[in-house]
Each structure stands twice: as C-alpha cells, then as structure tokens.
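Residue numbers (the working numbering), protein chains in the order written: chain A, 1 to 298; chain B, 1 to 346; chain C, 1 to 404.
Accuracy of the hints is not assured; some may be wrong.
Only part of the chain A face toward chain B is listed, based on derived beta-carbon distances under 8 Å [as the list claims (entries may be wrong)]:
| no. | residue |
| --- | --- |
| 1 | VAL64 |
| 2 | PHE145 |
| 3 | LEU152 |
| 4 | ALA157 |
| 5 | PRO160 |
| 6 | SER161 |
| 7 | THR163 |
| 8 | ARG187 |
| 9 | VAL281 |
The hints are simulated quantities; they were obtained by calculation from the structure and are not laboratory data.
C-beta atoms are modelled at their ideal positions from N, C-alpha and C, and glycine is treated no differently.
For reference, the chains in residue letters:
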Amino acid sequence: MAVVEPAPSFSLGPEIDQAEAKAGGRGRGRWRNNLGTWIPAGLILFVLVACFLGPTLLSLPSPVGGNILESNQPALSPGHILGTDPNGNDILSRLLNGGRSSLWIAVAVNLIGLAIGGTLGALSGYVGGIADTIIMRLLDVLIAFPSLVLTLAVAQALGPSMTNTIFALAFFSIPAFARVARSAVLRLREMPFMAAAQLSGTTARRMLFKHLAPNIAPQLITFGMLGMGIVIIIEGALSFLGLGIPDPAPSWGNMVATGQLSLSATPMLVVWPSVALLVTVLAFNLLGENLRARWSGR
Amino acid sequence: MTATATTPRVPADSRGPRASRVGRVTGSPVLRLVVKRLLMAIPIMLGVTVLTFWVLSLIPGNAAQQLLGPEATPEDIALLEQQLGLDKPGVVRYLEWLQGAVTGDLGQSIVSRQPVSEILSQRLPVTGEIVLLAFVVSLVLAIPVALLAAHKPDGVMDRISMVVSTLGLSVANYVLALLLVLVFAVTLGWLPAIGFVPLEDGLWPNLRSMILPSAAIGLPLFCFYTRFLRGDLVDQMQQEEYVTTARAKGVGSWSVLIKHAFRNSSFGLITIVGLNLGALIGGTVIIEQIFALPGIGQMLLQAINTRDFVVVQAAVVIFALVAVLANLIVDLLYAVLDPRIRYGSS
Amino acid sequence: MSKRTATYASGDSGVSEGVIDPVSLGKPSRASAAQPGEPLLVVEDLRVQFTRGGRKINAVNGLSYELTPGSMMAIIGESGSGKSVSSRALMGLLPPTAKITGSVRFEGRELIGMPERDMRALRGGDIAMVFQDPARSLNPTMKIGAQITEAVKLHSDLDKKGAHARAVELLKLVRLPAAERRFHEYPHQLSGGMRQRVMIAIALAGEPRLLIADEATTALDVTTQAQIMELLVELQQRLGMAVIMISHDLGLAASYAQDVVVMYAGRAVEHAPTGTLFANVRMPYTHALLGAIPALDREPHSLFEVTPGQPPDLSALPKGCPFRPRCPNATDKCLDDPPLTEHEPEHWWACWHPVGSGLGNDPGPRAGTGPLDPAVAADDPGLADGPDEAAGPGRHHTPNGEQR
Ligand SMILES: Nc1ncnc2c1ncn2[C@@H]1O[C@H](COP(=O)(O)OP(=O)(O)OP(=O)(O)O)[C@@H](O)[C@H]1O
Ligand code: SF4
Ligand SMILES: [Mg+2]
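Construct the entire structure; sequences and hints are all you get.
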C-alpha cells in the first residue's frame, strides 16, 4: 500500500489535525500498539450503546416534560441516578438523549463531507488544470470564512433544528474533506504505480475506483475520526448559543448553556455534559491519531 | 528491493537540495512574494464578503422589523426599510457597501446609527487583548515545555506533556471556560466570573478580568503548540542528518536540540501559528459571550440577532482579514528568516 | 601522559599505557595513549541490536578489526551489512533503541559504555565523521562559517576571532574556492562537492586522529568523487590521521585504501591489505563481489552488481556462517560459525572452505561465465593483471606506498 503522509489541515480544526499529524509522526511506537486502538474504540462503542440503547435499556424517563415539582433533585435520588434539572427532567436521560443528537449530527456531517468533499477533492486533484484551480479557490473562500460566523448565520437563517445544524456544519466538512482528498490524490499521482496503471491504459473510472479510492480511503477515514470530535464540539457551541438543537430537546451544548445559569448553585448540571463531551471527543481523537499512525505505515 | 549489492549512484545534482522543503517559494524575492499574496487575498476577501451578503439575505426578517417590533404595521416597516435603504436589491446594496469598504468606510450600524469604525475602535481592543494574551502566553509556555519533552522522548516530561496536551486538545473551549469559572471564580473566588474592566481602570483589574477568558482560549492553544513543536523536534532529532553531524562534532544534547533542531522546527511552528490565528479569533465569539466581554464576537452575535447586517459584514471582514494577514505575515517571516528563501535556492 | 600540542604533528609520541586522563579530555592539547606500532582502533566482537516493532534486528554481529594509526582502511559490503551502524556505534551516535555490546578501544580507551560527557569530547575531537549526503548533513539554517566555528570552539580554547580565523583556515585546507566569501553563505548556496568539503572541514576542526568517511563520495558525481577522495588522501598524509572509508565501490577501495575489511551480515568476513586481498581472494562472498564486476567495464570506480541470492534477514540469521544460503562452497561444516582467523600473514578470513582450497563443493578455478566465475575477474586487466597494481601507485594514483 502506498505510504501516505499525514493530511494537511483546515480551518475547522487545524489544532487537532496538525498536532496529531506531528505527534503521530515517525519514530514512536507508543500509540501504535493494539491497546491504543481498542481502548478508544471501546470507549466510542460504549458511548454509542449508552446513547442509543441506554434510555430504553434503563427505561429512563423522558428527557423533556418533567414534573416541575421534582426539580433539582440531587444525584442518586430514587428514579434519577444523576438527579434532575431545574425543570424536573432526569439528567441522565437528557445526557444520553442529548448525546444521541450530537452523535447523529457528527456522523451525518462527516458522511456528507466524505461523500461530497472527498469526491470533489479527489476529482479536483485527479483532473487538475483549470477545474482544480476553480474548485480550490472556491473552497479557499469557504475556509477563509470565519467558521463559527458561517454556521451562526446559516443556523439563524434556517432556524435552529437538527437538520439545519447538519446543513450548516456541512459547510466546513466539505471543504475540509476536499482538501484532504486532494492532497492525498496529488501525492498518489506521483507514485510509480499510478503512472504504470495509466500507461497500461487503465480507464479513468477504474483508475478512480480501483487505484485512487482505496489508497485515499484510510486518510479520509482517519480524518473523519478527528472530524467527529470537531463536529461534536462545534455542534455543542451552536447549541450553547441557542442556534443548534432547540430547547427543550436536550443536547450537550444546550445542557451546558442552561447549566451555566446556575453554575454556583448546581455545578453538576455543567459538569455532566462537559464530561460527556470531553470523553467522547477524546476517544475520537485518540482513535483518529492511532489509525493515522497505523495507516501511515510506520 | 531487487538489487542486492547495488546502490544506485545518483549524481548529487539530480537530487536537488531537498526539493520539497525548499520548494515553498523558490527563488522569489520577498517583494514579489508580498504582491503575489496580496493579489491572492483579493478574490478571497471578495468571495467572503459576497458569501456573507448572500447568507445574510437568506435570514428571514430584517432590521426594520426587528427595530419596530412585532406590533408594527407593514406600512411602518416599509417606510423604515426605505429610510434604511433596505428596499434596494441585494446586489445594489452589496456594491454600495463594497464601494464604501474599499475606501475604508464600513458604513454605519443600521440599528444604532453609530459608524461601524467607531464601534470597531471600541470592540477591537478587547478582542485583541484576549487573543494576544492567550497567544503570547501559550507560545511562551509551549516552547520550553516542548523542548523538555523532546529532550527525552518517552521520558517523564514527555509523557506528562502528552497526556495534558491530548486532554487539552479534546476539551471544547466553552466547557473549559465554565470549568475555569467554576474553580477559580465560584469555588475559590480568586477571579471575577464575568465582566470586563477597561485598561483605564488600572492594569491589574483589567488583567484580572482577562485571565479566565484568555486561559480558556490559551490552554488548548498551549497544548496544540506544545504537541506540534514536540513532534517536529523529535522528528528533526531522529531523522535529520544535520543533527547527527552536530552530535558528531561533539555538540551537547541540549545544544543540538536548541541551537540546531529548534532553529529548524521554528519554521514549522511559525506556519502553524499563522494558520491558527484565523481560527483563534473566530473562537473568541463564544468566550466573549460566556464572560460578557464587549468584543467583536459579542458584537457579532448581537448584530446577527438584530439583523444589523452592516455590522455583521464588518465583523466578517475583520475575521477574514486577520486570517489573510496572518498568512501573509507567516510568509514574510519565512522570507526574512529562512535563508533558503531569502537567498533563493540554487 | 604526554600532552599533544594543537598541531597535526606526530600522533605516536605517547608513552603511557592507555590510562585515561579525564582532565585532558576535550582540551586542545590531548593525550595520546597509543604506543608506537600499536593499533589506533581495536574493534572486538562488536554487536548492535535494534528492537523495532517487537522484532530484534541484529545489525552488527561480532564485528572485529584493527586499524593502524595514520592508515586508510576501506570497509566494503552490500547495503545493510552494517557498515554505517558499526561506525556510528563506535562514536556513540546510535539512537537509544540500539543495544551495543562488545569492545571498541581507541588508543587503549574503551569507547563502549563510556560516559556521554567523555564521549562528547571524543566526538569531533579524536574521532570525526563525514556522512554520505552533503545536502542533508549540514544545518540548512546556519551559515557554513558558523557551523565550522561551532566545531572549532568545542575542541579548542580559541576566542571568537581565533575560531573564525581557524575556520577560514580549515576551509582553505579543504580547498574550498573563495573561502572567505563562502564563510558567510548557507549550505544551499553551495554545490554538492563544496558542501562535502565543508563537511570535511568541520570534521577536521577537532584535529582528529581518526576520520570516518561513511560513503562520503557516493552522492557525488564521478569527477567530484575523485577530487574529494584525493583531498581525503592528501589530508590523511599531511595530518597523519587514520581514515576509515566506507564504500560500496570496490574500485574506489582498491584505488585508495591500504587495507580492506569486507563486511557481511554485520561481521567482518575478510580482512587484508588491499594488494593481498585482490590477488588472493579467499572468502566466497568477497569472491562473488569481485566476480560481479562486469567484465567490459574498465571504469576504475565500479559499483558491484547483484550477487546471487538475497541478503540475509538480520532478524533471523541462519545458523553458522551467514553466507551459507548463498554460498556455492557451503557444506554441513558451515553450520558451525567460522571464526575470523589470520590464516595467512595479515590476511584474515572467516570461512571453512575458502576459494581455491578445493574443499567443500569448491571445484577450484572454473571455466565458463557467471557472476561467481573467477575468469570474469581475470578478464579485467584492472584486477587480474595485477590486483597489486590496482592498489599500487601506478594505476590509480594511490599515494599510500610511502605510508607503510
Ligand atoms: N535505527 C535503526 N533501527 C532499526 N534498524 C536499523 C536502524 N538503523 C539501521 N538499522 C538496520 O541495520 C542494518 C544495517 O544498516 P547499515 O546502515 O549499517 O547498513 P550499511 O551497510 O551502511 O548499508 P548502506 O550501504 O545501505 O549504507 C539495516 O538492515 C538497517 O535496516
Ligand atoms: S564455505 Fe561455508 S563458511 Fe565459507 S562462506 Fe561458504 S558457507 Fe560460509
Ligand atoms: Mg550506510
């Protein structure tokens, strides 16, 4: 398999992307063992199961429409392991249901980015020439656009809802994936086996699907893992600002935001969703870094 | 790997002096570089402003409606729209705005009728101070930590810095901000939870109001710089032959790290810092909201809520301009610092 | 312990018995512990093992050789035979993942396990090294003058001005054109050959008694290659330092070196004065190397071609002689490790059935063609008409006759 370098960064999360690229660089084997992959993968699985099956399995109360008389119950009170919020809703239920929307949004945004951005970038890099220039300039504009501003505007324009949040966030994931795919293709084009395939008269279709796609897939998937973390954070930010998942439906972001209002009285309202955010993002980052280290073949 | 006993004899010249590293801006003098970069920035800035106008035009409702409130009659609204120039087609409004913008006139707020330049002069210093504090402190701390970590890869310092930076890169800044408030303002009571004290009221009160917001932005940044620099330094130390040359000369391990490896790593660091600055200023929006700081980010949120598109447009221009300028400065720094570019490469 | 002054004068004036005087380490005047007639460097059973991804890679497996002061010795062997690793091991330049055992004595001082502080004074002081790729070996962000001055300062008490003067002097010594001007230039502004001259100047800064040139000319074109080799030979004689030249290039070794060590799978398999070796090859591997020179190629600096078979897997070496899987002479006897023995005066080899012994499966001199066929080598006048001559002063401008 072609040895591929860590992907370049993009404006959404250059921090993570580039730092991981370097930290995952040659010469170290610490994260490369199996444990380094399986622990974060297991953690992600746990979060997924908890969020999607947890509410049913534990027969938790509904995350909304709680009884105001049961508000602000402490943790470990009967029927409410983590207690209730000021509206009398079960915190654990809100946490898990909120996580469900965060994860849905993250998956959807990354899949859209992968499908549209990945294809666009790969084609752009493969075809080259004027088409490449135009596509990349357009993406440059999107990237230079202050990320949060764009999402804010889109969310405002379309009103807060899950679908619109996905739509707004796709604005970044598309150029980001496009950049990664393009640079991967550009690097691949330099590889001897590509020239060989081309010389032997391989059709463009076959070229794209047989030679390019499998070789850039690892990079895109790795990037998608880091992207999951980034999207979860940004979705949280939007919900925090009241522009993502609309109240009273729960999301980690709006749970943090409402908790902030009574930070000194009931700090746990902020702590629980914060921990959930941190653990989930951390798991995706660790997994992404690991896959990168593995697939870069060092 | 077929040949066993042969190494292809590659003439030195055909290899080139590490073409990939040198190839950034080969041979172009500094001035040409600046002009080229500025020319490239123009279409990007145009694109960004057009996009903003377009996106804003999609938002339902306009400033006239927002100003007059839900009880206003359609006639009142139409009249105010006319007064504010909101009845003209979007293209015309954009061109008018652009005409003003290129001459440095960003218009006046639709809502408060204050000139945008005046608003900016109040708001920019606040945001600038947070960003600058976060940026400088994180960089100043990151460099020694990264050097310590890279001196002994997998040593104690390295492991600690790795764990801290992994955590720091996974925490959302709004979460961090609230946790900082919870600990340092609510529990310990050392620092104010919210609010801004201007510099005129004294340096220390001003700094006190800035510490938590700057930390919320700076801590992840510190992790990021540390991690990047540590990785690059280790790469240099382990893979670059000039490091072996230095060691073969008898240079001590700290000198090799600082005088040789860091010198080369600093170029990568500069690039990252520049790329990051754009994202950094965007990140202030939510922090200013949490800490109730009267900066550009808060202005932007208010302006979006009141459909004050002239002000929104100004904020977007500022943000994009910072990103573009940061990249330009990086390229310039490169050109000034990196001898391979300064002298053009052979 | 006699103090040596900061000149390149006699290196053999010492009289003491290899006692280390830590006080003198790293000073401009250094102790020379070597007795006249004693080897400068004695490598004994050197072993280097890397661990990578759970696999153990035995890069060097019991390497032994001796080096005469002031002489030029070549180490040859195919890629991966451990030439670079072994020479870096003796300078302590290997990454911490390397496990090094055995003994390397330089002027009587044991280098393996030497504290880093002492080792540092030695590096670039007594022992210096020049690397293969001059484009990568110099720090791209430092002026070459600064890079040389740094080395000068580390190994002398000279002040800034003195170090500068010395650095320029060194650049002149390696005959870098326009030394004063080049002093303020960056590596990328120099050609490959000039960069390698700078590397040599850096190496000379500490007035070393041993210079290791690890394929110092491989990355250069043929003309430059010859110039750099001439320079090395000239410096070796003028400064009385010993040189180990590591190379793939048999012709190059034959032209310039007085002794040749042939390495295979991390050990020395044959070691002899150049003339003896080429006149009387005994080790089948060396023989294969020589046979692999294309007959029609009269170029003196030929690379050797493919030797049949695969180079050994360093993480799973065969039992006994490592060359066994590829060796035409191999027998069951070869399942025992052949020791490196001085079978003939000054001629060492490690083989149970050397070429020409008629033992094993060796049919002796054979007719026909093929890479292992001595007749091919005989066709090459450069080697067959007198391998002695190949190394002698006549043919390849080798200046070492008067050295011995
Ligand atoms: N840091 C390292 N970690 C693991 N293995 C290494 C390391 N450095 C070298 N090796 C291995 O040691 C073996 C010997 O390498 P060495 O560089 O000494 O060969 P060489 O004889 O110099 O070859 P060449 O002619 O290609 O320079 C090789 O198989 C190489 O892969
Ligand atoms: S004859 Fe035996 S000992 Fe000699 S090289 Fe061949 S295998 Fe090794
Ligand atoms: Mg080598």
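Cross-check of the supplied hints:
1. Here the hint on VAL64(A) is broken, as its CB sits about 23 Å from the closest CB of chain B, past 8 Å.
2. Because the smallest distance between the Cβ of PHE145(A) and any Cβ of chain B comes to about 5 Å, under 8 Å, the interface hint for this residue holds.
3. At a threshold of 8 Å, the smallest CB-CB gap from LEU152(A) to chain B is about 6 Å, leaving the interface hint in force.
4. A least Cβ separation of about 4 Å between ALA157(A) and chain B falls short of the 8 Å threshold, and the interface hint therefore holds.
5. Because the closest C-beta pair between PRO160(A) and chain B is about 13 Å apart, greater than 8 Å, the hint is violated.
6. With its C-beta approaching chain B no nearer than about 14 Å, SER161(A) sits outside the 8 Å limit, and its interface hint is violated.
7. Hint status for THR163(A): violated, given a least beta-carbon distance of 15 Å to chain B, over 8 Å.
8. Taken as an interface hint, ARG187(A) does not check out: its beta carbon lies about 11 Å from the nearest beta carbon of chain B, beyond 8 Å.
9. A least Cβ separation of about 4 Å between VAL281(A) and chain B falls short of the 8 Å threshold, and the interface hint therefore holds.
Hint check: violations occur at hints 1, 5, 6, 7 and 8; the rest are consistent with the structure.
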